[in-house]
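Same order as they appear, the protein sequences are chains A and B. In terms of my numbering, the first sequence is residues 86 to 519. In terms of my numbering, the second sequence is residues -5 to 558.
Think of the hints as simulated: they come from the structure by calculation, not from any bench. Note that the coordinates shown come from a computational prediction; the quantities given were computed from them, not determined experimentally. Mixed in with the good hints there might be a few duds.
[What the hints assert, rightly or not] The list that follows gives simulated cross-link-like pairs (lysine-lysine, DSS-like), each with its CA atoms no further than 30 angstroms apart:
{"#": "1", "chain 1": "B", "residue 1": "K209", "chain 2": "A", "residue 2": "K514"}
{"#": "2", "chain 1": "B", "residue 1": "K209", "chain 2": "B", "residue 2": "K553"}
{"#": "3", "chain 1": "B", "residue 1": "K189", "chain 2": "A", "residue 2": "K263"}
{"#": "4", "chain 1": "A", "residue 1": "K490", "chain 2": "B", "residue 2": "K527"}
{"#": "5", "chain 1": "B", "residue 1": "K81", "chain 2": "B", "residue 2": "K18"}
{"#": "6", "chain 1": "B", "residue 1": "K476", "chain 2": "B", "residue 2": "K36"}
{"#": "7", "chain 1": "A", "residue 1": "K277", "chain 2": "A", "residue 2": "K261"}
{"#": "8", "chain 1": "B", "residue 1": "K189", "chain 2": "A", "residue 2": "K331"}
{"#": "9", "chain 1": "A", "residue 1": "K117", "chain 2": "B", "residue 2": "K525"}
{"#": "10", "chain 1": "A", "residue 1": "K252", "chain 2": "B", "residue 2": "K493"}
{"#": "11", "chain 1": "A", "residue 1": "K277", "chain 2": "A", "residue 2": "K331"}
{"#": "12", "chain 1": "B", "residue 1": "K493", "chain 2": "A", "residue 2": "K514"}
{"#": "13", "chain 1": "B", "residue 1": "K525", "chain 2": "A", "residue 2": "K125"}
{"#": "14", "chain 1": "B", "residue 1": "K553", "chain 2": "A", "residue 2": "K245"}
{"#": "15", "chain 1": "A", "residue 1": "K318", "chain 2": "A", "residue 2": "K260"}
{"#": "16", "chain 1": "B", "residue 1": "K189", "chain 2": "A", "residue 2": "K264"}
{"#": "17", "chain 1": "B", "residue 1": "K527", "chain 2": "A", "residue 2": "K331"}
{"#": "18", "chain 1": "A", "residue 1": "K245", "chain 2": "B", "residue 2": "K189"}
{"#": "19", "chain 1": "A", "residue 1": "K264", "chain 2": "A", "residue 2": "K331"}
{"#": "20", "chain 1": "A", "residue 1": "K317", "chain 2": "A", "residue 2": "K289"}
{"#": "21", "chain 1": "A", "residue 1": "K252", "chain 2": "B", "residue 2": "K189"}
{"#": "22", "chain 1": "A", "residue 1": "K504", "chain 2": "B", "residue 2": "K81"}
{"#": "23", "chain 1": "B", "residue 1": "K397", "chain 2": "B", "residue 2": "K348"}
{"#": "24", "chain 1": "A", "residue 1": "K331", "chain 2": "B", "residue 2": "K525"}
{"#": "25", "chain 1": "B", "residue 1": "K525", "chain 2": "A", "residue 2": "K252"}
{"#": "26", "chain 1": "A", "residue 1": "K331", "chain 2": "A", "residue 2": "K317"}
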Amino acid sequence: MVEITDVVCSLCGCVCDDIVVEVEDNKVTKVKKGACSVGKSKLMGHGRIESPAIRDNGTLKNCSYDDAIKKAAEILAAARRPLLYGWSSTVCEADKVGVELAEEIGAVIDNTASVCHGPSVLAIQDVGLPSCTLGQVKNRADLVIYWGANPAAAHANHMKRYSYISKGYWTEEGKKNKKLVVVDVRRTATAKMADVFLQIEQGKDYLVFSALRAMLLGYEDVVPEEVGGISKKDLLETVRMMKEAKFGMIFFGMGATHTRGRHNNVVNAIQTTRAAHTHTKFSIMPMRGHYNVAGINQVCTWETGFPFAVDLSRGYAWYNPGETSSTDLLVRRECDAALFIATDPGAHFPGESIRHLSKIPVIQIDPFPNPTTEFADVVIPCAISGVEAEGNVYRMDNIPIRLRKLVDTEYMADEEIMKGILEEVRAIKEKEGE
Amino acid sequence: MVEGELLIRNGVVYDPINGVNGEKKDISIRDGKVVEEVTNPKVIDAEGRVVMPGGVDIHSHIAGGKVNAGRLFRPEDGRKGRETKTKVCRAQSGYSVPNTFATGYRYAKMGYTFVMEAAMPPLAARHTHEEMVDIPILDNAAMPLIDNNWMTMEYVKSGDTDLLAAYIAWMIKATKGYGVKVVNPGGTEAWAWAKNCDINDAVPYFDVTPAEIVKGLAEATEKFEMPHSIHVHGNMLGHPGNFETTLATYDLVKGIKPYRNRPTMHATHTQFHSYGGTSWRDFESKAGAIADYVNKNEHLSIDLGSIILGDTTTMTADGPMEYSLYQITGRKWTNHDVELETGSGITPFLYSGKSPVNTIQWAIGQELALLVKDPWKLALTTDHPNAGPFIGYPIIISMLMSKRRRDESAEDMHKVIFDRAEYSSIDREYDLNEIAIITRGMAAKTLGLHEHGKGHLGVGADGDVAIYDISPEERDAGKIQKAFLNTKYTIKGGEVVVKDGEVVATPAGRTIFVTPECDDKLTEEMMVKLKDKFDHYYSVTFNNYPVQDAYLPNPYEIKAPWRS
Ligand code: SF4
Ligand SMILES: [Zn+2]
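Please construct the entire structure, taking both the sequences and the accompanying hints into account.
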């Protein structure tokens, strides 16, 4: 038995990196400390895709890695409008090969931000993002606001490691000298811990941000007695807390990005932060879901200039979310082949998109079977990044951390698989005398 | 580096480090290095064209968190520089914030082969390195920010210079960095509470002043045989009347002895620090006062931070400065404060010749170059992309070489240029040798890279050569500008990477890093304090913090022993 410390969890955007595990006979046998229950179960491992496989007459038939990679390359090289999607739950090294492959075959490369914090990216492109690292919040924040986010369920260690419950330099006593405000439509587990819970009406985020912002800028008089289900008195109290804080922090989640208003909500959230910043230090951060969704946005941006929904069919990067985002592309039935890596469109894409996917060749790269496996034509299992393979990821605050390899595996890593496909595609194109 | 021999014949060579000033001379390269002679080479006939060593940029923001945040929030900039992928080149995008591939290609086309990334937040150092790996052709290095760090301020306060030295040694090693970068010392920590500091203000909670931080870091740096001095962006950048703070900053390190014959401080993007007046209304150039100081003192080097007119993306670890800029323009603003270490701000900015303030700024950058007498004391930069993108260098070169071009340009600027700047009264014109100094020789020497093959063409130097498509007699400013934008040939490590202004090969660059060698005892003592910071305040563990070797596929190490 060996103990491994400083293990990094490859599940959610918290990227906890102080986990201790025990490894015996090349298996993680115990997670001793640091991980939440979902993180723990990922580290301990569960049902895997056993072998590469190619669909033949409706059923998946096991094959070698070589054959699966060759088949994937053939599909992609022959496609006129391929889509390469996912990338948020794998490492940056694989993402980089993905961008290169997209250039090679003139594909659209898109990532899960497209269906989660895409609206946040659009908002940032409009107004910017006054933010900070999570350790900044840990050491300084005396007011934490979660808006449309329920970390108690979705980012279990977030409050403990970085925000409301954590202890830092000016926050030695943890939550004792901090205030927690939660804004949500439901009384979530996080809301139950809050000093102030603003239970807003569904779809009224924009109005409530506007009211707070008006008050922060000194236009209290224009705010009516009730906004989005919240009394003016409660709004004023929240604004008082914001102004009196030494360091305020807003974390927002899908509750803000995926209700009526979408990216406009986020623009307004950022403007509210800027308004608060005229009184005291205030910052804001999206609660990124997958452990490396921030990373694929980074890689895609430094390599192509744009963070998601990048169309390379012209030979240069064309970025136009709404046109070049995957669900739009699929709804228009434009793609004629798709590669999904470390993601499950079968579970997350709208029905119309799935119907089109069932008609075109689909390649899946994933350690685990999921609904996409049901209709994929080529299935390529891979090593679990952070357990069986190392690599770089970006935490939700864009801090890069290196995943560790804990055990050996026969499975190929995502990066190797992607490189294999790229090489095969190049070989095919060379043969075609391109 | 490629194997084989190359001979560059009949060029007119400007190699100021070796005292070669416009001599007709052949350059021989074998296996990537300059040699005495070659026997069976591939020949490039330079036919009387201007030949210089590969360019060396001492200060540019090309990789890392804030550069990428700039790209991410400015798709409108990304759309500007789009170029289609070719057999050799990846797809390109961006103007003021080009993607990594375009960054490499465009620098190489200007004849540059080394660029220093000027600001690496230590906690995000992996990010800087990941991007540098993706910048083709250029050799590179990066300077970690070590001035607003709690450890630094605590040691400055207690006066433990040796322990401070142990700390900076650890940081430079942990980040695979090159030297000590200072950006608004104390002010960026204050910005974590939405405040700022001038040079003699106490930093909130830490009870030290920026002046003490700068002095402490200079003393600690000189404990080692560091190739480069501290690299300083002082307090009050961009504020009217800041030249006094600037001069006071320069004076801080005057008595400190450098380990070798180089300055004890490199003061960067001096244009932004040479402002007179009490507000934007009576804003004026103080380039004269700054140049005077530089002329009279030997402990200091500067780079210009000269303005390129047009739209750009400003970015710096000086968070409060970016906030003031955003308040002036009302445009978008990104901020990213980094725990225990530093911060950063980013906002777009338009430099307009119609604006009196921008006009003065524009004049100051060039005035500095013209008023500092010894070109070995200054390097050409635009603090890319802060004063403008690096692809504007050829514009500045043509300005410095042509009084006529300056006079014509001044006519298009706001009329304040004639009464609140010295600009139009300066007659000096640079020659090609001086241009070679401020674009390669000086930077290589100041960074200590001339000892590692950069910035010159002596035997043993890297086979990095730029051949410009002009004769030494050329006086036409437009032709000079064009020639410096796209070389006839750029050769990197003996390999032709640019031919007739087109990129023809994209070898990977090397990352150069410094290893300061510190006494084990001191390191151990320092480590107790450092580990406490990780145990209680950092959000990343001590063991996960240092940059792993995997991030430097082509490393080049420079050792910096402790000075006994
Ligand atoms: S909070 Fe997220 S990163 Fe941390 S252990 Fe749980 S799942 Fe993993
Ligand atoms: Zn700079």
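Right, here's what the structure says about each hint:
no.	hint	in the structure
1	B:K209 - A:K514	60 angstroms, violated
2	B:K209 - B:K553	23 angstroms, holds
3	B:K189 - A:K263	21 angstroms, holds
4	A:K490 - B:K527	26 angstroms, holds
5	B:K81 - B:K18	36 angstroms, violated
6	B:K476 - B:K36	27 angstroms, holds
7	A:K277 - A:K261	16 angstroms, holds
8	B:K189 - A:K331	11 angstroms, holds
9	A:K117 - B:K525	22 angstroms, holds
10	A:K252 - B:K493	58 angstroms, violated
11	A:K277 - A:K331	24 angstroms, holds
12	B:K493 - A:K514	27 angstroms, holds
13	B:K525 - A:K125	27 angstroms, holds
14	B:K553 - A:K245	41 angstroms, violated
15	A:K318 - A:K260	25 angstroms, holds
16	B:K189 - A:K264	22 angstroms, holds
17	B:K527 - A:K331	22 angstroms, holds
18	A:K245 - B:K189	28 angstroms, holds
19	A:K264 - A:K331	11 angstroms, holds
20	A:K317 - A:K289	15 angstroms, holds
21	A:K252 - B:K189	23 angstroms, holds
22	A:K504 - B:K81	18 angstroms, holds
23	B:K397 - B:K348	21 angstroms, holds
24	A:K331 - B:K525	27 angstroms, holds
25	B:K525 - A:K252	16 angstroms, holds
26	A:K331 - A:K317	23 angstroms, holds
Of the numbered hints stated above, those contradicted by the structure are hints 1, 5, 10, 14, listed in ascending order.
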